[in-house]
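Peer 1: Listed below are the residues making up each chain.
2 protein chains.
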Amino acid sequence: MKIEVFFSPSQIDDLFLRDKNVVVIDVLRASTTVAVALKNGAKEIIPVNTIESAVKVSGNLFGDVVLRGGERNGKIIEGFNLGNSPFEYTPEAVKGKSIIFCTTNGSTAMWKARYAKNMAVAGFVNISAVVNYIKELHDDLYILCAGKQTHFCLEDAVCAGMIIKMLMDRDDVEFDFNDSAAAAYTLYKNSSKNLLKLMRSTDHGKYLLEIGFEKDVEFCTNVDTVDIVPELIGNVIKIPKNNLPEKPHIPISIDTNLIKRD
Amino acid sequence: MKIEVFFSPSQIDDLFLRDKNVVVIDVLRASTTVAVALKNGAKEIIPVNTIESAVKVSGNLFGDVVLRGGERNGKIIEGFNLGNSPFEYTPEAVKGKSIIFCTTNGSTAMWKARYAKNMAVAGFVNISAVVNYIKELHDDLYILCAGKQTHFCLEDAVCAGMIIKMLMDRDDVEFDFNDSAAAAYTLYKNSSKNLLKLMRSTDHGKYLLEIGFEKDVEFCTNVDTVDIVPELIGNVIKIPKNNLPEKPHIPISIDTNLIKRD
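Here the protein sequences line up with chains P and W, keeping their order. Anchor point for the first sequence: position 144 equals 143 in numbering that gives the first Met the number 0, and the numbering is continuous, going up by one each time. Anchor point for the second sequence: position 114 equals 113 in numbering that gives the first Met the number 0, and the numbering is continuous, going up by one each time.
A pair holds if it fits inside one copy or across any two, identical chains being indistinguishable in the list.
Distance condition first, Cα-Cα at most 25 Å in a straight line; then the derived DSS-like pairs of lysine-lysine:
#, residue 1, residue 2
1, 19, 147
2, 196, 164
3, 94, 74
4, 188, 164
5, 192, 164
6, 19, 116
7, 1, 196
8, 42, 116
9, 1, 205
10, 240, 116
11, 164, 1
12, 1, 116
13, 188, 205
Derived by calculation from the structure, the hints in this document are not laboratory data.
All chains, full assembly: derive it from the sequences and hints.
Peer 2: What follows is the structure, encoded as structure tokens:
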């Protein structure tokens, strides 16, 4: 099984992931937020790569069933309904809604994978569900880390490494890694004992703490709290009908005062 | 002391490194070859980012004192005098010569750092000399790994991590790392006990073994065999006059049959 990791969407052309099996990771916070939104009953997530695209797409859809969600510099975009905190995507806010999703890195990575054969969105919160999904594919895997603009993000690499470790633990197959996959595996092994400490020390983790999103950083670190696989189906990300969750997911410790909108 | 690492020149704009202290790393093989060429008496290395630039620049210089060196896909470029193997850059070949240097990744990274305040070229072969050079600067450091086109190269990251480890061992100062620097440090710690095994297992290491450059991979792995610091002075890379070596450096195990030119 070949596993290739890419630390930033800027490393690859739009068509590189065409017809491949892809996992997109943006641990802080887009992957986590997409998983929570779908678990809480959102109909679908429509990832876009620019605010202009978000405005254009939402102009073509019915206003009362469409929300715009996303961030710039970690904060909600002016004129949008929701930011990029999983705590905002409650059942009350998102049930039955199409969400046009525009974040600096995560939605751009999801958009980059739009020609994939299969694409799933992964964070620590749904990592076992995604690993099971990958195993069913019995094929090579391409993991696209969102990174931060063109830059490497340690938390995304560590999450990629954890996926690799879980596949290696369970599969009796030979693996062939590219350099980034080998590095991700090493980086996960080095920080597996204290993921929260790692998350609080990374460039983006520190930034989120600074702007008041401590609870988000904690929530995004919890392993297997949201047991669904957001999948690319057509042009949108959703849960396939036969896998819909029985009950909505309520993020732990909801405290709306923590959600900064300035 | 702030240390930022970048895993590919594609991560940064041309002017980002302006007025900064920069170390450029392309372990396999450009960094190593530049160090050997200067140790063996080359007057200067002129890094360019395209073959067209190499041809243009050499047209403006006197033919008998100018060589063109470099590679595409690891092999010598048609019409060039030298490839990218350190074994080709013997005293007989390079003494007193200006070398226009064009490689897929290494010379492009050196070219990207052309506006730096200080720039040194580092590989394992001259790592202690470069670390001593950095210490004299008493300032923040930016390490640019050449990578492979837009991609991460493990051997460059490990070399960056070794530089960081050596600075930390010697300096009684506080360090502030970006995510890539923290990752590089971890990756070095994980492979420090067997660098040659690592080098033979990386994407580019395996490719060089495939095309017959086993001796190059070994030579590029040897620590501190070429005790000079190639520095950016004006638009060229050279050894400052007061640091010129007393005698030329003869790479170990020269066997010209190993140098493939097909």
